[in-house]
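Q: If you want the building blocks of each chain, they are given just below.
2 protein chains.
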Amino acid sequence: MTRPVVAMLMFPNFTHLDLIGPHCVWGQDMDIELVWQDLAPVTTDSGMQILPTATFATCPQQVDIVFVPGGFGTTDAIANPAALGFLADRGRTARYVTSVCTGSLLLGAAGLLQGYRAAVHWAFREFLKPLGAECSTDRVVIDRNRITGGGVTAGIDFGLTVLAEVLGQERAEAIQLMMEYDPAPPFDSGSPEKASPAVVGAIESLLAEGKPDLHRAIEEAHTLLSSGKA
Amino acid sequence: MTRPVVAMLMFPNFTHLDLIGPHCVWGQDMDIELVWQDLAPVTTDSGMQILPTATFATCPQQVDIVFVPGGFGTTDAIANPAALGFLADRGRTARYVTSVCTGSLLLGAAGLLQGYRAAVHWAFREFLKPLGAECSTDRVVIDRNRITGGGVTAGIDFGLTVLAEVLGQERAEAIQLMMEYDPAPPFDSGSPEKASPAVVGAIESLLAEGKPDLHRAIEEAHTLLSSGKA
Numbered sequence: 001m002t003r004p005v006v007a008m009l010m011f012p013n014f015t016h017l018d019l020i021g022p023h024c025v026w027g028q029d030m031d032i033e034l035v036w037q038d039l040a041p042v043t044t045d046s047g048m049q050i051l052p053t054a055t056f057a058t059c060p061q062q063v064d065i066v067f068v069p070g071g072f073g074t075t076d077a078i079a080n081p082a083a084l085g086f087l088a089d090r091g092r093t094a095r096y097v098t099s100v101c102t103g104s105l106l107l108g109a110a111g112l113l114q115g116y117r118a119a120v121h122w123a124f125r126e127f128l129k130p131l132g133a134e135c136s137t138d139r140v141v142i143d144r145n146r147i148t149g150g151g152v153t154a155g156i157d158f159g160l161t162v163l164a165e166v167l168g169q170e171r172a173e174a175i176q177l178m179m180e181y182d183p184a185p186p187f188d189s190g191s192p193e194k195a196s197p198a199v200v201g202a203i204e205s206l207l208a209e210g211k212p213d214l215h216r217a218i219e220e221a222h223t224l225l226s227s228g229k230a
Numbered sequence: 231m232t233r234p235v236v237a238m239l240m241f242p243n244f245t246h247l248d249l250i251g252p253h254c255v256w257g258q259d260m261d262i263e264l265v266w267q268d269l270a271p272v273t274t275d276s277g278m279q280i281l282p283t284a285t286f287a288t289c290p291q292q293v294d295i296v297f298v299p300g301g302f303g304t305t306d307a308i309a310n311p312a313a314l315g316f317l318a319d320r321g322r323t324a325r326y327v328t329s330v331c332t333g334s335l336l337l338g339a340a341g342l343l344q345g346y347r348a349a350v351h352w353a354f355r356e357f358l359k360p361l362g363a364e365c366s367t368d369r370v371v372i373d374r375n376r377i378t379g380g381g382v383t384a385g386i387d388f389g390l391t392v393l394a395e396v397l398g399q400e401r402a403e404a405i406q407l408m409m410e411y412d413p414a415p416p417f418d419s420g421s422p423e424k425a426s427p428a429v430v431g432a433i434e435s436l437l438a439e440g441k442p443d444l445h446r447a448i449e450e451a452h453t454l455l456s457s458g459k460a
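Residue numbers (the numbering used here), protein chains in the order written: chain A, 1 to 230; chain B, 231 to 460.
Calculated directly from the structure, the hints in this document are not laboratory data.
Yeah, the Cβ is synthetic: ideal placement off N, Cα and C, and Gly gets one too.
Be a bit skeptical, because a hint or two may be false.
[What the hints assert, rightly or not] Restraint ranges, calculated between C-beta atoms of paired labels, are given here:
id: 1; chain 1: A; residue 1: Pro12; chain 2: B; residue 2: Arg446; range: 49 to 57 angstroms
id: 2; chain 1: B; residue 1: Gly440; chain 2: A; residue 2: Glu134; range: 41 to 49 angstroms
id: 3; chain 1: B; residue 1: Arg446; chain 2: A; residue 2: Pro130; range: 56 to 64 angstroms
id: 4; chain 1: B; residue 1: Pro271; chain 2: A; residue 2: Asp76; range: 22 to 30 angstroms
Chain A extracted, bound-state conformation (with noise of 0.2 angstroms):
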């Protein structure tokens, strides 16, 4: 059997966790190419400097995944016409297009998402509708072959979703025991639902400040794709 063919969107400000998941998950058995326009490194949005192995241009045409992550650069990222470009590109061909936290936004703004269901982190999820998407509170969403995945953490449970939908349950199942991943989190905040109301109210305060030009991002790409020049 041949391996899996899998593009990873990088771009400036990207949350690595988003990525590094399922790159984990995923790297014993797929060949991973890590995108961006050039082949500078793309510094994280926790300033980490990762070394893209693709462009645009010389990433494979057809690929099984196609994935985006997300993070604090999300706006800019949706504001980058030769980003959502490639998306919709290889997104048009891929077996299934894939994303975690905020990548559905990305997802969303190449018009991939239209009339899908969809996940996104918790702090975003009034993003999807505009998009065309409808949003859903799951961890992991698999609507046809759009499989996308809530916040940051989230990517190691749709990793596995995605290596057991490819690969089968065992293979799945063994990675899961490579990664040692039994988890048990010290704390019960990871849900909005589940945090002290202080906690809530400081990371949304702290996200806050950044949905305005989210939401301006979003609305311009919609028009750029309406218009079919995306």
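With chain A held as given, fit chain B onto it using these hints.
A: What follows is chain B alone, placed relative to chain A:
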């Protein structure tokens, strides 16, 4: 309050998720150096290339946290006297000496776990005793200022535990919410007690291949340490 300073060791063929779990948890609040012997990109055991930010020479002398990941490159890193020397040096004065996965074998080889309880990836538990450490099967182990985590994904639970120690539980709960860490593994195979015998056997066979070399590297590091040259 000044931001805690962290030195995270990288080395060829380390497992990126071991490091990026805690890096993502700590990244908002701590100043993190990614350290290797030079500044060329370090290739992880899944082929990703990450740039160091400091060398053994330029990393701050006094750090709050020393951290070591594990991975398939652990054996070669144990055979690297400069890496062990760096750990022994910074570990002597660090407030916390920490690891995830087989990173604890590196701490042990640097002489930093003599008489301490520690965690390690489940498939490598036999290696802690020859290093003078007592192996614990807990996912995260705190013994005085040594804090160690189990395999790969244990790094997220480990990272939150350390963050709560350093900055308090409320901050750790907020970061947990930001990372939407409310895990829902699609399968229940994350530990050797839970996975099927076939799955456990497959991973044990795969990992057994590297064990003779690892045993040898640990013996040689022990000799080096006893001679006082590390």
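Q: Please go over all the hints and tell whether each is borne out by the structure.
A: Tested hints:
At roughly 43 angstroms, the beta-carbon separation of Pro12/A and Arg446/B lies outside the given 49 to 57 angstroms, and the hint is violated. At roughly 47 angstroms, the beta carbons of Gly440/B and Glu134/A sit within the given window of 41 to 49 angstroms. Taking 56 to 64 angstroms as the suggested C-beta distance range, the pair Arg446/B and Pro130/A conforms, at roughly 60 angstroms. As the Cβ distance of Pro271/B to Asp76/A is approximately 24 angstroms, the hint placing it in 22 to 30 angstroms holds.
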